[in-house]
Amino acid sequence: MQSDIIIETRNLTKVYRDFWGRQKVRALKALDLEIRRGEIFGLLGPNGSGKTTTMKLLLGLLFPTSGQALIFGRDATDVTKNERIGYLPEESYLYRFLNAEETLDFYGRLFNMSSSVRRERAAQLINMVGLGSAKRRQLREYSKGMTRRIGLAQALINDPELILLDEPTTGLDPIGTRAMKDLILDLRSQGKTVVMCSHLLADVQDVCDRIGILYQGELKELGRVDSLLKVRNVTEFRASGLDEAAQEEIKQVIERHNGELIFVGNPTSTLEELFLNIIAESEAHPGRRARGGGDADAS
Amino acid sequence: MPVETEIIPFLQWLPGAVLYWLLAVVILTVAASLLGLLVAAVEYGPWAAVGKTWRVVTAGVADVVRISPRRVWALTRLAVKESVRRRVVVVFAVFILVLAFAGLFLDPGNPNPARLYLSFVLTATSYLVLLLALFLSAFSLPTDIRTRTLHTVVTKPVRPSEVVLGRMLGFTIIGTGLLLIMALVSYGFVVQGLGHTHTLTAEDLRSVGQAEGSQPRFQIGKTSQDRRHRHQVMIEASGQGRTDVDQGHWHESSVTGSGTDVRYKVGPPKDMLVARVPVYGSLRFRDPEGIDRPEGINVGDEWSYRGFIQGGSPAALIWSFQDVDERTFPEGLPVEMTIGVFRTHKGVIERGILGSVSLRNPRTGLTVELEVFESKEFATKELTIPRKITKFVASPQVVPRKEETPEGVKFTPQQADLDLSLAERREFDLFEDLVDDGRLEVWVRCLEPGQYFGAAQADLYLRAADAPFVLNFVKGYFGIWLQMVLVIGFGVMFSTFLSGSVAMIATLGALVGGFFSQFMTELARGQVHGGGPLEAATRLVMQENLMSELESGVWTTIMQMADTVLKGGLWVISSILPAFGRFSYTEYVAYGFDISRELLLMRSVNAVAFLLPVFVAAYFFLKIREVAR
Numbered sequence: 001m002q003s004d005i006i007i008e009t010r011n012l013t014k015v016y017r018d019f020w021g022r023q024k025v026r027a028l029k030a031l032d033l034e035i036r037r038g039e040i041f042g043l044l045g046p047n048g049s050g051k052t053t054t055m056k057l058l059l060g061l062l063f064p065t066s067g068q069a070l071i072f073g074r075d076a077t078d079v080t081k082n083e084r085i086g087y088l089p090e091e092s093y094l095y096r097f098l099n100a101e102e103t104l105d106f107y108g109r110l111f112n113m114s115s116s117v118r119r120e121r122a123a124q125l126i127n128m129v130g131l132g133s134a135k136r137r138q139l140r141e142y143s144k145g146m147t148r149r150i151g152l153a154q155a156l157i158n159d160p161e162l163i164l165l166d167e168p169t170t171g172l173d174p175i176g177t178r179a180m181k182d183l184i185l186d187l188r189s190q191g192k193t194v195v196m197c198s199h200l201l202a203d204v205q206d207v208c209d210r211i212g213i214l215y216q217g218e219l220k221e222l223g224r225v226d227s228l229l230k231v232r233n234v235t236e237f238r239a240s241g242l243d244e245a246a247q248e249e250i251k252q253v254i255e256r257h258n259g260e261l262i263f264v265g266n267p268t269s270t271l272e273e274l275f276l277n278i279i280a281e282s283e284a285h286p287g288r289r290a291r292g293g294g295d296a297d298a299s
Numbered sequence: 001m002p003v004e005t006e007i008i009p010f011l012q013w014l015p016g017a018v019l020y021w022l023l024a025v026v027i028l029t030v031a032a033s034l035l036g037l038l039v040a041a042v043e044y045g046p047w048a049a050v051g052k053t054w055r056v057v058t059a060g061v062a063d064v065v066r067i068s069p070r071r072v073w074a075l076t077r078l079a080v081k082e083s084v085r086r087r088v089v090v091v092f093a094v095f096i097l098v099l100a101f102a103g104l105f106l107d108p109g110n111p112n113p114a115r116l117y118l119s120f121v122l123t124a125t126s127y128l129v130l131l132l133a134l135f136l137s138a139f140s141l142p143t144d145i146r147t148r149t150l151h152t153v154v155t156k157p158v159r160p161s162e163v164v165l166g167r168m169l170g171f172t173i174i175g176t177g178l179l180l181i182m183a184l185v186s187y188g189f190v191v192q193g194l195g196h197t198h199t200l201t202a203e204d205l206r207s208v209g210q211a212e213g214s215q216p217r218f219q220i221g222k223t224s225q226d227r228r229h230r231h232q233v234m235i236e237a238s239g240q241g242r243t244d245v246d247q248g249h250w251h252e253s254s255v256t257g258s259g260t261d262v263r264y265k266v267g268p269p270k271d272m273l274v275a276r277v278p279v280y281g282s283l284r285f286r287d288p289e290g291i292d293r294p295e296g297i298n299v300g301d302e303w304s305y306r307g308f309i310q311g312g313s314p315a316a317l318i319w320s321f322q323d324v325d326e327r328t329f330p331e332g333l334p335v336e337m338t339i340g341v342f343r344t345h346k347g348v349i350e351r352g353i354l355g356s357v358s359l360r361n362p363r364t365g366l367t368v369e370l371e372v373f374e375s376k377e378f379a380t381k382e383l384t385i386p387r388k389i390t391k392f393v394a395s396p397q398v399v400p401r402k403e404e405t406p407e408g409v410k411f412t413p414q415q416a417d418l419d420l421s422l423a424e425r426r427e428f429d430l431f432e433d434l435v436d437d438g439r440l441e442v443w444v445r446c447l448e449p450g451q452y453f454g455a456a457q458a459d460l461y462l463r464a465a466d467a468p469f470v471l472n473f474v475k476g477y478f479g480i481w482l483q484m485v486l487v488i489g490f491g492v493m494f495s496t497f498l499s500g501s502v503a504m505i506a507t508l509g510a511l512v513g514g515f516f517s518q519f520m521t522e523l524a525r526g527q528v529h530g531g532g533p534l535e536a537a538t539r540l541v542m543q544e545n546l547m548s549e550l551e552s553g554v555w556t557t558i559m560q561m562a563d564t565v566l567k568g569g570l571w572v573i574s575s576i577l578p579a580f581g582r583f584s585y586t587e588y589v590a591y592g593f594d595i596s597r598e599l600l601l602m603r604s605v606n607a608v609a610f611l612l613p614v615f616v617a618a619y620f621f622l623k624i625r626e627v628a629r
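Protein chains in written order, with the numbering used here: chain P, 1 to 299; chain A, 1 to 629.
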């Protein structure tokens with residue numbers, strides 16, 4: 001029976017030292033963490049908080065000063081664990097003299113995949129990340145967004161059980177960001193485990209089930225996103241089709257129950273939603289000025 | 001001369017070499033494990049260190065055993081593509097440029113242009129290919145680590161052994177391809193550069209041996225001057241002839257037609273590009289008293305490679321050959337020799353020193369003096385001893401071998417057994433009268449009093465059938481290939497734990513150290529005059545010569561003790577670095593000697609013996625380092 005715990009760290013500590021062995025910085029302090037199968041876990045924190053160090057320790061790119069990191073119950077430095085892992089680094093550190101097909105073929109070979117499986121999987125992933133028209137261009141000619149997408153494709157080449165994403169939405173436009181977030185949610189629906197680290201809080205909030213907040217190498221908060229963000233002493237109702245009189249009546253009910261009315265008005269959409277609506281409408285009706293959403297619908 | 005040390009038969013060499021290698025590997029493994037344990041103990045404490053060291057070693061065995069060919073091939077292809085991207089073809093362009101300039105500047109009037117051309121192309125190729133190997137191997141991994149492209153590789157199920165092997169194979173493939181193209185171009189360059197002919201006209205020839213009203217027996221004369229030389233030519237009555245040997249080659253010549261329709265033709269150069277297969281004998285020296293000695297006279301050279309004999313005396317240089325038979329030498333005995341000369345007085349400086357060549361049957365003692373020759377300093381003399389010997393320069397003799405033993409002088413054969421009647425004959429058969437059970441002695445004597453002849457074992461040999469030159473040329477490039485693979489191995493190893501530029505300097509250091517490893521070994525063993533490093537430095541400063549005794553004292557004692565330690569260090573370094581110079585066959589190809597199979601096998605095994613530990617070391621260095629920072 002497979003264990004439900006995919007990642008486990010025990011007292012994981014990393015101290016960076018200089019050439020002479022003197023301590024430069026304690027990047028991670030005694031991190032204890034468990035990440036379960038099928039969840040999307042977000043590591044949050046400002047720059048230098050230890051997010052990337054944690055990620056590198058989990059991948060075996062760094063060795064812990066003390067403590068232990070276990071992936072699928074194996075030590076993080078054991079290369080066999082990598083057969084079930086996909087990793088998208090912060091920058092897409094890929095060979096820029098290869099094209100998209102060659103890149104995926106190369107990484108497929110590293111997983112000992114047969115030629116037919118590599119071809120099939122590469123075609124599937126190139127379509128998925130929308131690089132079909134640019135698959136024979138060298139990566140040096142790719143824009144940042146395209147590089148992120150091919151980076152994501154290489155991370156998924158082996159159909160991994162665990163996907164580690166370092167700043168997955170950095171460098172992506174709103175459409176790319178939405179696609180990335182949709183993909184992350186899709187991966188969860190396939191039963192995969194996703195660990196991402198980011199400082200873009202909205203992205204984390206949108207997709208993560210649980211988060212851990214790191215600050216100066218220490219874990220400051222850990223829990224489910226919905227419970228961490230819940231404001232327990234505020235009640236929110238949403239309704240449509242209420243006229244002025246009905247709204248007045250509701251205000252009176254609140255006063256009668258000694259409640260304090262904080263806000264009454266029309267909600268605003270997010271800038272992301274407005275942007276995506278405009279793009280969708282422009283694609284549906286080329287040449288016509290797009291009206292977007294939100295206020296336009298109300299008027 | 002390329003052969004200065006005796007080449008031991010491969011199977012005789014192998015057991016000792018394997019034993020030495022195993023010993024070195026065991027010592028290095030134990031030393032590396034102890035060092036690793038010590039470092040881990042400082043970092044994690046003694047108990048954890050033992051566990052960690054054990055895990056690294058066992059994981060290492062698994063990582064080497066479970067190498068995936070597909071992953072290695074993927075990384076190999078990547079290294080090839082990366083090399084192409086880094087414009088390795090520029091090296092080829094530089095090579096072509098070098099050849100183009102060389103074509104203008106190589107001296108066509110050189111006494112041996114083939115040697116010049118071959119030395120040049122082989123040296124130029126090896127320098128360029130080794131530099132390329134150095135740069136590619138030293139910078140590749142550090143660049144991947146710096147640009148973090150290695151992060152996406154090592155986070156796949158790739159073992160450090162596969163990363164190392166992929167790099168080594170990839171750079172070897174690209175270097176091999178380039179070397180093959182360079183070899184082809186070089187061969188074309190040499191053939192094109194050396195190819196020439198001469199013209200011959202009726203005015204250049206005169207008839208010799210013509211009786212009244214009959215056809216001349218010979219026509220002799222000189223060819224036209226081309227490539228700064230001309231040949232003496234002799235054409236027989238049949239119309240066929242040949243030139244003399246000049247600049248290491250000769251030409252066939254012929255006359256066709258007669259009267260006004262007569263045509264003279266000189267063919268392409270012959271014997272210019274050869275691969276002689278020498279059969280070496282063992283050398284001993286006969287002193288002026290006629291007693292055999294293992295060593296000759298030292299005429300004052302610090303390099304005691306050659307021994308000398310005194311001229312105008314019974315002293316002789318004696319080569320003893322084995323396995324001389326009709327099957328190997330059906331046309332007679334081709335002998336080639338390069339005899340050194342030491343003059344105690346100038347004499348006629350334009351003329352060489354006179355010497356003679358004799359053959360001796362080692363059983364009967366029958367000695368036949370065949371030819372007097374003029375030895376010009378280190379010029380190769382060729383002569384063919386015919387099967388039927390009817391001409392001598394002195395009366396045949398029966399000469400016993402004289403050796404000093406504790407019991408007195410020993411004669412072989414003994415005086416009583418000498419068959420003096422053998423010397424009365426005037427016709428001898430080479431194989432029946434002078435060769436005894438495959439054994440034959442060749443004697444060389446210096447005929448001029450006050451002058452000396454000097455030789456080493458390889459300076460006289462019997463020239464068996466030549467090997468194909470093209471094959472020898474390929475073998476020469478195989479030597480460069482071995483050097484290249486070793487440089488790649490060391491480059492990749494250093495690049496697993498050093499930055500690119502430092503790895504390059506370290507590899508260059510190994511390369512230069514390797515070229516001097518023979519000297520370092522001799523220095524460490526005290527076989528070099530002038531003492532160890534400190535003593536030699538002191539001699540330099542004090543302007544003392546290498547042979548004089550240093551004044552005894554405290555400083556001398558301290559210095560010599562420190563030198564003992566330094567010599568130990570030098571011995572260790574010279575033992576773990578490959579002697580790169582030994583992998584170079586340039587001199588063999590340039591001097592026209594076949595590179596024997598034994599030598600190729602030895603060097604190939606040598607290279608593998610170095611590459612295996614280098615690979616294992618590279619694996620461990622990559623395994624125990626953090627790829628990210």
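It is possible that some hints are incorrect.
[As the list claims (entries may be wrong)] In silico EDC-like links for lysine to aspartate or glutamate, alpha-carbon gap of 16 Å or less:
(1) P:Lys144 x P:Asp75
(2) P:Lys135 x P:Glu90
(3) A:Lys81 x P:Asp209
(4) A:Lys623 x P:Asp75
(5) A:Lys410 x A:Asp292
(6) A:Lys475 x A:Glu295
(7) A:Lys52 x P:Asp75
(8) A:Lys346 x A:Glu448
(9) A:Lys402 x A:Asp246
(10) P:Lys230 x P:Glu248
(11) A:Lys381 x A:Asp246
(12) A:Lys623 x P:Asp78
(13) A:Lys402 x A:Glu295
(14) A:Lys222 x A:Glu203
(15) P:Lys144 x P:Asp182
(16) A:Lys52 x P:Asp78
(17) A:Lys81 x P:Asp105
(18) A:Lys222 x A:Asp246
(19) A:Lys81 x P:Glu101
(20) A:Lys270 x A:Glu252
(21) A:Lys270 x A:Asp292
By construction, these hints were calculated from the structure, which means they are not laboratory data.
Hint check:
1. Among the hinted pairs, Lys144 of chain P with Asp75 of chain P is inconsistent with the structure: their alpha-carbon atoms are about 34 Å apart, more than 16 Å.
2. Proximity of Lys135 of chain P to Glu90 of chain P is assessed by CA-CA distance (about 22 Å); at most 16 Å being required, the pair is judged violated.
3. Distance check on the hinted pair: Lys81 of chain A and Asp209 of chain P sit about 43 Å apart at the alpha-carbon level, beyond 16 Å; violated.
4. Our distance criterion of 16 Å between C-alpha atoms is met by Lys623 of chain A and Asp75 of chain P, whose separation comes to about 14 Å.
5. With a C-alpha separation of about 10 Å, the suggested pair Lys410 of chain A and Asp292 of chain A falls inside the 16 Å cut-off, and the hint holds.
6. Between Lys475 of chain A and Glu295 of chain A, the direct Cα distance comes to roughly 34 Å. Violation of the 16 Å bound is thereby established for this hinted pair.
7. At most 16 Å may separate the alpha-carbon atoms for a hinted pair to count; Lys52 of chain A and Asp75 of chain P meet this at roughly 12 Å.
8. Restraint check: the Cα-Cα separation between Lys346 of chain A and Glu448 of chain A comes to about 12 Å, which is no more than 16 Å; the hinted pair holds.
9. Between Lys402 of chain A and Asp246 of chain A the CA atoms are separated by roughly 41 Å; this puts the pair beyond 16 Å, and the hint is violated.
10. Restraint check for Lys230 of chain P and Glu248 of chain P: the C-alpha separation of about 27 Å exceeds 16 Å, so the hint is violated.
11. For the hint linking Lys381 of chain A to Asp246 of chain A, the alpha-carbon distance of about 12 Å falls within 16 Å, and the restraint holds.
12. Only pairs whose Cα atoms come within 16 Å are accepted, and Lys623 of chain A paired with Asp78 of chain P is accepted, the gap being roughly 11 Å.
13. Among the hinted pairs, Lys402 of chain A with Glu295 of chain A is consistent with the structure: their alpha-carbon atoms are about 15 Å apart, no more than 16 Å.
14. Restraint check: the Cα-Cα separation between Lys222 of chain A and Glu203 of chain A comes to about 10 Å, which is no more than 16 Å; the hinted pair holds.
15. Note on Lys144 of chain P and Asp182 of chain P: the hinted pairing is violated, with a Cα-Cα distance of about 19 Å set against a maximum of 16 Å.
16. Restraint check for Lys52 of chain A and Asp78 of chain P: the C-alpha separation of about 13 Å stays at or below 16 Å, so the hint holds.
17. Proposed proximity of Lys81 of chain A and Asp105 of chain P is supported: the alpha carbons are some 14 Å apart, at most 16 Å.
18. With a C-alpha separation of about 12 Å, the suggested pairing of Lys222 of chain A with Asp246 of chain A holds against the 16 Å cut-off.
19. Pair hint Lys81 of chain A plus Glu101 of chain P holds up; C-alpha atoms about 15 Å apart against a cutoff of 16 Å.
20. Among the hinted pairs, Lys270 of chain A with Glu252 of chain A is consistent with the structure: their alpha-carbon atoms are about 8 Å apart, no more than 16 Å.
21. Between Lys270 of chain A and Asp292 of chain A the alpha-carbon distance is near 40 Å, which puts this suggested pair outside the 16 Å criterion.
Figure legend: structure checked against the earlier numbered hints; hints not met, in rising order: 1, 2, 3, 6, 9, 10, 15 and 21.
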